[in-house]
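Chains as they are written, first to last, in my numbering: chain A, 1 to 143; chain B, 1 to 143; chain C, 1 to 143; chain D, 1 to 143.
Think of the hints as simulated: they come from the structure by calculation, not from any bench. Just to be clear, a hint being listed does not mean it is correct.
Remember, identical chains collapse to one label, so a pair may be satisfied in a single copy or spanning two.
Stated by the list, open to error - With a straight-line cut-off of 25 Å between C-alpha atoms, the simulated DMTMM-like cross-links for lysine to aspartate or glutamate are:
{"id": "1", "residue 1": "Lys50", "residue 2": "Asp31"}
{"id": "2", "residue 1": "Lys50", "residue 2": "Glu135"}
{"id": "3", "residue 1": "Lys50", "residue 2": "Asp71"}
{"id": "4", "residue 1": "Lys50", "residue 2": "Glu69"}
There are 4 protein chains.
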Amino acid sequence: MVCAFQMLCPGCVSHGLPQAQRVAETFRPEDVAVIGLHSVFEHHEAMTPKSLEAFLHEYRIQFPVGVDEADGDGIPHTMRAYAMQGTPTTVLIDREGRLRRQAFGHLPDLQLGAEIMALLGERPDMTQVSSAAGEVCTPHGCT
Amino acid sequence: MVCAFQMLCPGCVSHGLPQAQRVAETFRPEDVAVIGLHSVFEHHEAMTPKSLEAFLHEYRIQFPVGVDEADGDGIPHTMRAYAMQGTPTTVLIDREGRLRRQAFGHLPDLQLGAEIMALLGERPDMTQVSSAAGEVCTPHGCT
Amino acid sequence: MVCAFQMLCPGCVSHGLPQAQRVAETFRPEDVAVIGLHSVFEHHEAMTPKSLEAFLHEYRIQFPVGVDEADGDGIPHTMRAYAMQGTPTTVLIDREGRLRRQAFGHLPDLQLGAEIMALLGERPDMTQVSSAAGEVCTPHGCT
Amino acid sequence: MVCAFQMLCPGCVSHGLPQAQRVAETFRPEDVAVIGLHSVFEHHEAMTPKSLEAFLHEYRIQFPVGVDEADGDGIPHTMRAYAMQGTPTTVLIDREGRLRRQAFGHLPDLQLGAEIMALLGERPDMTQVSSAAGEVCTPHGCT
Numbered sequence: 001m002v003c004a005f006q007m008l009c010p011g012c013v014s015h016g017l018p019q020a021q022r023v024a025e026t027f028r029p030e031d032v033a034v035i036g037l038h039s040v041f042e043h044h045e046a047m048t049p050k051s052l053e054a055f056l057h058e059y060r061i062q063f064p065v066g067v068d069e070a071d072g073d074g075i076p077h078t079m080r081a082y083a084m085q086g087t088p089t090t091v092l093i094d095r096e097g098r099l100r101r102q103a104f105g106h107l108p109d110l111q112l113g114a115e116i117m118a119l120l121g122e123r124p125d126m127t128q129v130s131s132a133a134g135e136v137c138t139p140h141g142c143t
Numbered sequence: 001m002v003c004a005f006q007m008l009c010p011g012c013v014s015h016g017l018p019q020a021q022r023v024a025e026t027f028r029p030e031d032v033a034v035i036g037l038h039s040v041f042e043h044h045e046a047m048t049p050k051s052l053e054a055f056l057h058e059y060r061i062q063f064p065v066g067v068d069e070a071d072g073d074g075i076p077h078t079m080r081a082y083a084m085q086g087t088p089t090t091v092l093i094d095r096e097g098r099l100r101r102q103a104f105g106h107l108p109d110l111q112l113g114a115e116i117m118a119l120l121g122e123r124p125d126m127t128q129v130s131s132a133a134g135e136v137c138t139p140h141g142c143t
Numbered sequence: 001m002v003c004a005f006q007m008l009c010p011g012c013v014s015h016g017l018p019q020a021q022r023v024a025e026t027f028r029p030e031d032v033a034v035i036g037l038h039s040v041f042e043h044h045e046a047m048t049p050k051s052l053e054a055f056l057h058e059y060r061i062q063f064p065v066g067v068d069e070a071d072g073d074g075i076p077h078t079m080r081a082y083a084m085q086g087t088p089t090t091v092l093i094d095r096e097g098r099l100r101r102q103a104f105g106h107l108p109d110l111q112l113g114a115e116i117m118a119l120l121g122e123r124p125d126m127t128q129v130s131s132a133a134g135e136v137c138t139p140h141g142c143t
Numbered sequence: 001m002v003c004a005f006q007m008l009c010p011g012c013v014s015h016g017l018p019q020a021q022r023v024a025e026t027f028r029p030e031d032v033a034v035i036g037l038h039s040v041f042e043h044h045e046a047m048t049p050k051s052l053e054a055f056l057h058e059y060r061i062q063f064p065v066g067v068d069e070a071d072g073d074g075i076p077h078t079m080r081a082y083a084m085q086g087t088p089t090t091v092l093i094d095r096e097g098r099l100r101r102q103a104f105g106h107l108p109d110l111q112l113g114a115e116i117m118a119l120l121g122e123r124p125d126m127t128q129v130s131s132a133a134g135e136v137c138t139p140h141g142c143t
């Protein structure tokens with residue numbers, strides 16, 4: 001999974017990157033590799049690799065992030081090659097390296113989880129999630 | 001998918017039922033059938049089938065909901081048969097009718113979507129989600 | 001402050017009652033008295049005082065709640081006397097017992113806090129809130 | 001009200017700045033002046049005035065923002081003068097220009113609204129908020 005983003009794109013900061021982080025935490029690394037792609041097409045002077053480094057540190061992004069270098073006209077190379085409309089864009093590539101899904105904007109977790117699993121074709125070991133405290137009822141009372 | 005709940009269980013109202021609703025909206029009905037199960041094990045007099053009817057109306061629950069009838073000791077029959085710990089409980093049953101997953105408490109959407117798809121074994125047509133307004137950036141500006 | 005609600009009104013459960021709870025926790029009891037009012041105008045058989053009791057227990061409502069008894073036509077007495085449009089309705093009564101504000105629907109916390117304080121006319125001792133962990137940056141790092 | 005922040009401080013982006021924006025929208029400009037203060041004490045090369053400009057544009061910050069210039073050791077001048085612990089920091093200054101409140105971290109809206117009003121000493125005209133659609137019940141049904 002590739003998460004194309006810009007560090008100053010509000011939708012990327014509030015939705016795209018946290019979702020990519022959740023994907024990285026939910027699936028096993030051998031099943032799903034999550035990669036960030038910094039595809040800057042505006043405010044180039046404010047979103048340099050140096051600034052990106054500070055951003056990734058402060059937002060504690062754990063997955064690897066590549067820089068999508070801009071061509072002469074300011075549009076990043078990979079963004080153009082993939083004909084992305086903007087950021088955030090989510091790209092799913094299957095085990096054989098084929099591009100299988102490209103979505104601009106927000107994709108609900110339920111759907112993204114299903115699409116990733118459809119590409120995996122088999123069930124990976126996911127983190128087993130225990131109950132959230134204070135949100136369940138048992139015959140011994142609600143907690 | 002079965003969503004076992006109680007109408008006065010806060011975690012069911014805020015997490016379990018809305019998630020079941022999202023599943024019903026994300027997958028095709030021929031792929032995933034979502035069913036609610038009202039498994040009342042406390043406050044029986046406050047959560048009668050009559051009260052449930054009003055609740056389902058006000059919360060606009062769209063999927064069918066069955067009533068899990070209590071045995072003599074107040075524990076509902078299906079809840080005991082499935083050895084559920086409490087509510088909400090999510091149950092996944094595959095195409096062959098086998099119980100494949102039972103989770104007490106909150107299951108993240110990303111994981112639930114993946115688990116459902118693992119059981120489907122093939123990609124269903126999901127609702128294609130368009131970008132959320134105001135949350136994306138394009139070379140023509142952020143909207 | 002009076003919070004008129006119905007136990008099966010979604011907006012009351014997700015917004016009105018939690019907000020009333022926050023008011024009760026933010027202001028001193030000698031400055032602001034928070035009272036719930038169960039003003040049922042529909043599904044009477046599902047929202048009896050007995051059901052309300054179970055609801056208040058499960059949702060851990062800490063402030064006192066009164067029952068607004070229905071007149072012959074099913075409209076509760078106080079709801080009619082105050083000409084409330086529906087639920088949730090927030091009512092602010094000043095120290096002299098005069099009705100100063102009545103709002104149907106959701107009132108933002110920022111505005112409600114300001115309106116309550118305008119009626120108090122002086123600063124009460126509010127709970128001093130410490131910083132939320134993991135959400136601040138200091139010269140020693142973001143935590 | 002002064003909102004001291006750093007453009008790459010997650011708590012400022014998700015809590016501090018949106019709250020300052022809400023204050024600016026809730027109170028009349030003649031009652032409350034909201035000012036942002038970019039108090040950078042780390043990653044100076046990534047949070048330059050030029051980068052800040054892009055950030056303010058993308059996040060649509062409407063209130064004026066000043067730059068807190070760093071002294072020789074990288075700690076901004078005003079941040080040191082006010083002995084701020086970090087970002088976000090909220091500062092309330094009364095009509096006479098006296099510093100009345102300084103809070104590091106997150107301040108709940110309810111409390112902030114009350115504190116601002118306590119300083120105003122009288123009720124300003126706030127935006128009257130209408131009911132949020134789909135979240136209220138009336139005798140004609142829940143909408």
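Could you tell me which of the numbered hints above are not met by this structure, giving the numbers in increasing order? Violated: hint 1 alone.
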